[in-house]
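Q: Each chain, letter by letter, is given below.
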Amino acid sequence: MQSGGSRMEGLSFLKNEPDKNGAEPGRGLLGWVDRRYQVTPLLEFMRHKQVPLGSHWMGWYYLGGITMFFFIVQVVTGVLLLMYFQPGEATAYESIHFLTTKVPFGWLIRSVHSWSAHLMIISLTLHMFSTMMLKAYRPPRELTWVSGYLLFLITLGFGFSGYLLPWNKLAYFATTVGTNIVRSVPFLGDWLLLVLRGGQDVTINTLYRFFAAHVVILPLAFVGIISLHLLFIQRQGMAPPISAKVAPRGMKFFPSFALRDVLLWLACLMLLVTLAVFLPYGPGIPGMDWELGSKADAMAPAYAGIKPEWYFLWEYQLLKEFPPHLFGLEGPQVCLFLIAILLGIWAIIPWLDRRAARNKPSPAFSDFGWAAILFLVYLTLMGWDIGATGAGNDMSLVQRSARVCAWWTLAAGVVMIAFRSWWFEHRWFVLTGAALLQIALHGLMGISYLLAGAISAGLAIIVIAASYFMTSRPNETGTT
Amino acid sequence: MQEQVHTVSNSTTSRRHFIDLLLGASILGWLASIAYPVIRYLKPLPQTGATGPTRLTREETAKLEQDQFIIVPVSGQRVIVLQSQDQKLLAFSAKCTHEGCTVTYLPGQSVIWCPCHDGRYDLSGRVLSGPPPKPLPEYAVRRQPDGGIVISEERA
Numbered sequence: 000m001q002s003g004g005s006r007m008e009g010l011s012f013l014k015n016e017p018d019k020n021g022a023e024p025g026r027g028l029l030g031w032v033d034r035r036y037q038v039t040p041l042l043e044f045m046r047h048k049q050v051p052l053g054s055h056w057m058g059w060y061y062l063g064g065i066t067m068f069f070f071i072v073q074v075v076t077g078v079l080l081l082m083y084f085q086p087g088e089a090t091a092y093e094s095i096h097f098l099t100t101k102v103p104f105g106w107l108i109r110s111v112h113s114w115s116a117h118l119m120i121i122s123l124t125l126h127m128f129s130t131m132m133l134k135a136y137r138p139p140r141e142l143t144w145v146s147g148y149l150l151f152l153i154t155l156g157f158g159f160s161g162y163l164l165p166w167n168k169l170a171y172f173a174t175t176v177g178t179n180i181v182r183s184v185p186f187l188g189d190w191l192l193l194v195l196r197g198g199q200d201v202t203i204n205t206l207y208r209f210f211a212a213h214v215v216i217l218p219l220a221f222v223g224i225i226s227l228h229l230l231f232i233q234r235q236g237m238a239p240p241i242s243a244k245v246a247p248r249g250m251k252f253f254p255s256f257a258l259r260d261v262l263l264w265l266a267c268l269m270l271l272v273t274l275a276v277f278l279p280y281g282p283g284i285p286g287m288d289w290e291l292g293s294k295a296d297a298m299a300p301a302y303a304g305i306k307p308e309w310y311f312l313w314e315y316q317l318l319k320e321f322p323p324h325l326f327g328l329e330g331p332q333v334c335l336f337l338i339a340i341l342l343g344i345w346a347i348i349p350w351l352d353r354r355a356a357r358n359k360p361s362p363a364f365s366d367f368g369w370a371a372i373l374f375l376v377y378l379t380l381m382g383w384d385i386g387a388t389g390a391g392n393d394m395s396l397v398q399r400s401a402r403v404c405a406w407w408t409l410a411a412g413v414v415m416i417a418f419r420s421w422w423f424e425h426r427w428f429v430l431t432g433a434a435l436l437q438i439a440l441h442g443l444m445g446i447s448y449l450l451a452g453a454i455s456a457g458l459a460i461i462v463i464a465a466s467y468f469m470t471s472r473p474n475e476t477g478t479t
Numbered sequence: 000m001q002e003q004v005h006t007v008s009n010s011t012t013s014r015r016h017f018i019d020l021l022l023g024a025s026i027l028g029w030l031a032s033i034a035y036p037v038i039r040y041l042k043p044l045p046q047t048g049a050t051g052p053t054r055l056t057r058e059e060t061a062k063l064e065q066d067q068f069i070i071v072p073v074s075g076q077r078v079i080v081l082q083s084q085d086q087k088l089l090a091f092s093a094k095c096t097h098e099g100c101t102v103t104y105l106p107g108q109s110v111i112w113c114p115c116h117d118g119r120y121d122l123s124g125r126v127l128s129g130p131p132p133k134p135l136p137e138y139a140v141r142r143q144p145d146g147g148i149v150i151s152e153e154r155a
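Line by line, the protein sequences give chains F and G.
At position 336 of the first sequence (counting the first as 1) the number is 335 in numbering that gives the first Met the number 0, and the numbers step up by one without a gap.
At position 14 of the second sequence (counting the first as 1) the number is 13 in numbering that gives the first Met the number 0, and the numbers step up by one without a gap.
Warning: the hint list may mix true and false statements.
Straight-line alpha carbon distances no greater than 25 Å define the calculated DSS-like cross-link-like pairs of lysine-lysine that follow [what the hints assert, rightly or not]:
| hint | chain 1 | residue 1 | chain 2 | residue 2 |
| --- | --- | --- | --- | --- |
| 1 | F | Lys244 | F | Lys48 |
| 2 | G | Lys62 | F | Lys294 |
| 3 | G | Lys62 | F | Lys168 |
To spell it out: a stretch of chain G is covered by chain F in this simulated footprint if at least three of its residues, at any positions, have a beta carbon under 8 Å from a beta carbon of chain F; those stretches are [claimed, not checked]:
| hint | region |
| --- | --- |
| 4 | 15–22 |
| 5 | 115–121 |
Derived by calculation from the structure, the hints in this document are not laboratory data.
Glycine included, every Cβ here is placed at the ideal spot set by N, Cα and C.
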């Protein structure tokens, strides 16, 4: 009893205060604030806020909070890094070198910042895919999805702009390739490239612009949009899955859910610090390695094995799979166009998924999410050159690598389908099937990536159209 | 009477409509007057610096002899100067036509190679394999009587 009382003392602001309907506000600080700003209705709202409980797993609800925790770590460590970082041709690389070698715990701050960035992208990606699979985007939560989608793009922007700041060789070429992609934007491409780089090529002017973006523009945008995102979630609450049996009473957000959140944050902090201390330069796999290396030199050639961060590997590999020319356009242009279409579809899913909007299961969209995962995994594995070991000329190495990656992805795909049909009772696998077919055609049979994609997409369209006509006919006869 | 009211209200509506239009146009003009300087500010000035032919320094020539290639700035552009197996001097833009990485020379294979996305060019700048959409532009390179090497912007 005693312990229960003291446990609640810290949360006394959540206790029932006198009624808001003109009754006497409470005493003390809360009463003082309440008489001026009328916060009781807000507290009342928070007290009644509930997280849906039921037959569904609650784990997915924590991923947004975890992502926010890593963002807070980024802000704190970022501000600490700012106190030593000096942007400039002769100082950027040198100041990071000084920070990691001379400043007490400088290595740790940088390591935590880098690890937290990667973990934030992992938790954000899981958060986004779980939202997608659970159809939490369905009305009335469309704008929560769109704001989350924008936060995802900004986070990728953080990763990309932060990468250049140490001004090392890897950063220089990654930025050269990454910024060059905007050249493919119709009409505005050349102007955008100039504005992004602050010149024709990547120079120290690019670093100044990226620095401004990384520490001012993107954080302001992020904080603005995440405020909206959180406001939407607070107003509407979390979405239960479509088919879940929701219990009549959920879990109280304050304090039950919030305390669980905090507990998880502590676990994340432990994980983060452990990784940062024992692997201060990352796990050492390509795309997840922040060894400072040598200073950027505009007159040095790119070197073998140069790779972007792991979360851009799929895009890097896709660029490689496009031929020099396609449909009268340059390969990279068509590639950018395809990526823009995919990202555009991803952004407007809440409006495309008509069945979920009517609170009915939409197996095609679940399958689309799983197919997207397979698409990304296969490209990422190939970007990593998994299996490209041993002797052989470059072409045979590429083919061998594609074969190994294909086997891995196909195995993952089969396990995925088995799991989905057993656990979620999914029965619709057309898009996953198309993704697996493309992987098999490209990786195992050696057909070009784009042709394999076209064959699989064509087959998927035929199957979908056929099943549409076959299911619509009995309905028609049924109604007449 | 009723008709009069009608005309009055009609003329007020069109007058209001006209004023709304003016207001809208002036807001647009006001926004443009803010946006224009910002856009101009963001667009960098054209690069200034040395233009015209570049003569390799003694160190650069030594590096060329040693590595069989060197990358130097010519009129603000990265240019790769290389020595082929038959000791011929060649110069190309060092910017891969795919995504702009800096290319390198593989003397053993007589190939100019971009490690970023595995683009390959032959020693006349033509694409051999990989994703580059265009050949590498060639630069003129001359060995002067005193042994100095000069690269000039004019395409050979």
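Q: Run every hint past the structure and note whether it holds.
A: Against the structure, the hints come out as follows:
1. F:Lys244 <-> F:Lys48: Distance of about 19 Å is within 25 Å: holds.
2. G:Lys62 <-> F:Lys294: This hinted pair holds, its Cα atoms lying about 19 Å apart.
3. G:Lys62 <-> F:Lys168: holds, 20 Å
4. 15–22: violated (count 0)
5. 115–121: Since 3 is at least three, the answer is holds.
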